[in-house]
Amino acid sequence: MRWQLLAVFLGSTLRLAVPLMLGATGELVSEMAGVLNMSIEGMMLTAAFAGALGAWATGEPMIGLACGIIAVMPVALLQAFLSVTLRANQVVTGLGINILALGSTTLAYREIFGERSRDLIPGFPQWSPPLLGHIPVFGGAVFQQVWVVYLALALVAVTAWVVRYTAIGLVVRAAGADPRSVDKAGLSIVRVRYGVVLFAGFMSALAGTYLSIGDINTFTEGMTNGAGYLAIAAVIFGNWRVGRAFGACLLFGAATALQFQLPDMGIPLPTALLVMMPYLLAFFAVAGLVGRQTAPVALTVPYRRAA
Amino acid sequence: MSAASESARAPRLWMPSAGVTIPVATVLLTLLFGLVLIALTGVSVGDAIGAFINGAFGSGYVIAASINRSVVYTLVGLGFIVAARANLTNVGGEGQIAVGGIAATAVALYGGVKGLPLGLAFIVPALAATVAGAAWGALAGVLKVKAGTNEVISTLLLTFIGIWLVYWCVESSALLRRPMTTTATLPESLEIANPTRLPLLSGDPSVPLNIGLPVTVILVIAVWVILARSVFGWQLRAIGLNELASRRAGIPRAALVVAAMAIAGGFGGLAGAVMLQGDQYLLKAGFSSGYGFDGLVIGLLARGSAAGVVAGALLFGFLRSGGINMEMVARVPSAIVMVIQGLIVVTLAAMAFWLDRRKVTR
Numbered sequence: 001m002r003w004q005l006l007a008v009f010l011g012s013t014l015r016l017a018v019p020l021m022l023g024a025t026g027e028l029v030s031e032m033a034g035v036l037n038m039s040i041e042g043m044m045l046t047a048a049f050a051g052a053l054g055a056w057a058t059g060e061p062m063i064g065l066a067c068g069i070i071a072v073m074p075v076a077l078l079q080a081f082l083s084v085t086l087r088a089n090q091v092v093t094g095l096g097i098n099i100l101a102l103g104s105t106t107l108a109y110r111e112i113f114g115e116r117s118r119d120l121i122p123g124f125p126q127w128s129p130p131l132l133g134h135i136p137v138f139g140g141a142v143f144q145q146v147w148v149v150y151l152a153l154a155l156v157a158v159t160a161w162v163v164r165y166t167a168i169g170l171v172v173r174a175a176g177a178d179p180r181s182v183d184k185a186g187l188s189i190v191r192v193r194y195g196v197v198l199f200a201g202f203m204s205a206l207a208g209t210y211l212s213i214g215d216i217n218t219f220t221e222g223m224t225n226g227a228g229y230l231a232i233a234a235v236i237f238g239n240w241r242v243g244r245a246f247g248a249c250l251l252f253g254a255a256t257a258l259q260f261q262l263p264d265m266g267i268p269l270p271t272a273l274l275v276m277m278p279y280l281l282a283f284f285a286v287a288g289l290v291g292r293q294t295a296p297v298a299l300t301v302p303y304r305r306a307a
Numbered sequence: 001m002s003a004a005s006e007s008a009r010a011p012r013l014w015m016p017s018a019g020v021t022i023p024v025a026t027v028l029l030t031l032l033f034g035l036v037l038i039a040l041t042g043v044s045v046g047d048a049i050g051a052f053i054n055g056a057f058g059s060g061y062v063i064a065a066s067i068n069r070s071v072v073y074t075l076v077g078l079g080f081i082v083a084a085r086a087n088l089t090n091v092g093g094e095g096q097i098a099v100g101g102i103a104a105t106a107v108a109l110y111g112g113v114k115g116l117p118l119g120l121a122f123i124v125p126a127l128a129a130t131v132a133g134a135a136w137g138a139l140a141g142v143l144k145v146k147a148g149t150n151e152v153i154s155t156l157l158l159t160f161i162g163i164w165l166v167y168w169c170v171e172s173s174a175l176l177r178r179p180m181t182t183t184a185t186l187p188e189s190l191e192i193a194n195p196t197r198l199p200l201l202s203g204d205p206s207v208p209l210n211i212g213l214p215v216t217v218i219l220v221i222a223v224w225v226i227l228a229r230s231v232f233g234w235q236l237r238a239i240g241l242n243e244l245a246s247r248r249a250g251i252p253r254a255a256l257v258v259a260a261m262a263i264a265g266g267f268g269g270l271a272g273a274v275m276l277q278g279d280q281y282l283l284k285a286g287f288s289s290g291y292g293f294d295g296l297v298i299g300l301l302a303r304g305s306a307a308g309v310v311a312g313a314l315l316f317g318f319l320r321s322g323g324i325n326m327e328m329v330a331r332v333p334s335a336i337v338m339v340i341q342g343l344i345v346v347t348l349a350a351m352a353f354w355l356d357r358r359k360v361t362r
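Top to bottom, those sequences are chains A and B. If you're matching positions, the first sequence starts at 1 in my numbering and goes up one per residue. If you're matching positions, the second sequence starts at 1 in my numbering and goes up one per residue.
Keep in mind that the hints were calculated from the coordinates and are not lab data. Ideal Cβ placement from N, Cα and C applies to all residues, glycine included. Check each hint, because a few of them may be wrong.
Now the stretches of chain B that chain A is said to cover, found in silico as 3 or more residues with beta-carbon under 8 Å [unchecked claim]:
hint : region
1    : 141-150
2    : 163-169
3    : 289-300
4    : 328-341
Chain A extracted, bound-state conformation (with noise of 0.2 Å):
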């Protein structure tokens, strides 16, 4: 019984940190490029949205999955037009888009499903891997996941991967360090910055598709509810580094996990207090209280070539 308690509890950590884990390394990279990307909530509820309507109305949930990422790539247009080619206000872009998310969602889920609510989706199939799927209790509880799962744990090892020891990877980095010498090299620091808000609207909208079409098939206003700005707590937490913040993410799952199980096992600690960790221990990390922090020098200022 204990052991059955903790499968599933490992298993739904890795479902609930799955959106995050994607939402995080998107947003690290765009924020090692110097682009603080407040608007991944928005982006996810438009894929979340998206990718349900596809589904719904095809009865596929690839074509789910494609219209959540086509949708999501004229929103990470918007935010990279708007904060680096007009260089505006990173925060306020962010919430901006978000509130505009919010409502054209609810709006168009109101006006397209109303009554039909109830629909069921389909969503996307389970799988797991090979040997351990067959791993008694544990196999089941853990490893049978829909498989955007283990895309995500193979995007986050590429992204890592790609940051390290790539080319593209060090000019993503110098965007946010030293933007001018990537300048005087030669590159284009907007190409760079927008290529790097859109591929944090790509991963953005792989997390809100896993979320509506892949975790609970259905979609319901609002349905990220913070799960973007999770994402970046994660990323501070994990102190702007692709492993941690992957870790951060594991954490902040866990953390969720844990609220829905606790009241189950008869321990009496308040949810907020649940809910507030993972901020809480973001705060605590930009605090200095977990070792150096080191952010991105050039995060949330715009590049401008003349002094």
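Model the placement of chain B on the given structure of chain A, informed by the hints.
Just chain B now, with coordinates in the frame of chain A:
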């Protein structure tokens, strides 16, 4: 350097003409777009406009309610521009409202202030809220000075912590949750007693303007004077413009950064007190309901001008009131109001580009 060129000029009570016309035109265009959206959802545009006007300006009561909203926005926005003068971005208004609300509730309910004479019954909780907000803001300032933490990040995180602190306070009977009489008792605090509420300006409860309004008017003037005319305002501008030069000039940067963030937070905390003691009278989850984020947007769009803060606050205050009525009476989906608001924020933030460029070339 947009921030530099902006703050290099003396702050004005009135904005330059293009700084007024461009935002006004943007807002009007966005509202027009909103009307098109409303028509598309099949609601009669005439009904919608009628409901909006009724909800925003229809009676003394709704005008007062809109102005009360604007008061909260103005306070948060004022805090924002004080910090912005030192080139600090206070994203934490929402959290500062939240801790202000907690402090005001706690002191009003359990601080033994109910029987105090001379209005102290409502002044003490409001001051407690201001101090709590100031502490919340100062924390970000201290981190900036001691650990070099970007205040955008720290105030953002403190906001989420503050919002969830409210949840915690009203969820736990050991904190501010009202004693449970039935199993159905909602997670909220007790109502604060009459003497601890902000007194109304007139005896007429159908025009619920409270003392928060004159206090805010005084604070608007005070902020303008301090930023434009005082040594403190000049020093804030100096550390915002050139850290090195201001250090050479012997300006105490660390103290000023903490002070600026504390003032910004104090305004947020006071806004929380005005919301709690002037309107809601009890603390519940989601108490700050986006006022801090809206106030941040207003502060930013005001571009350092106290009058700009007032203008933006009035716009948002009346928009919110009218929008609520449009939903209730004309059945316009509230999501449309959200879409319009999002569009206004995004477009105005984008407009800053042309406003700045105009300034540089001039």
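How the hints compare with the structure:
1. Counting residues of the region 141-150 of chain B whose beta carbon lies closer than 8 Å to any beta carbon of chain A gives 5, which meets the minimum of three for the stated coverage.
2. Counting residues of the region 163-169 of chain B whose C-beta sits closer than 8 Å to any C-beta of chain A gives 4, which meets the bar of three, so the coverage hint holds.
3. Given as covered by chain A, the region 289-300 of chain B passes the check, having 4 residues with a CB less than 8 Å from a CB of that chain where 3 are the minimum.
4. Here's how the region 328-341 of chain B fares: 8 of its residues keep a CB closer than 8 Å to some CB of chain A, so the rule of at least three is met and the hint holds.
Against the hints set out earlier in the document, no violation occurs for any number.
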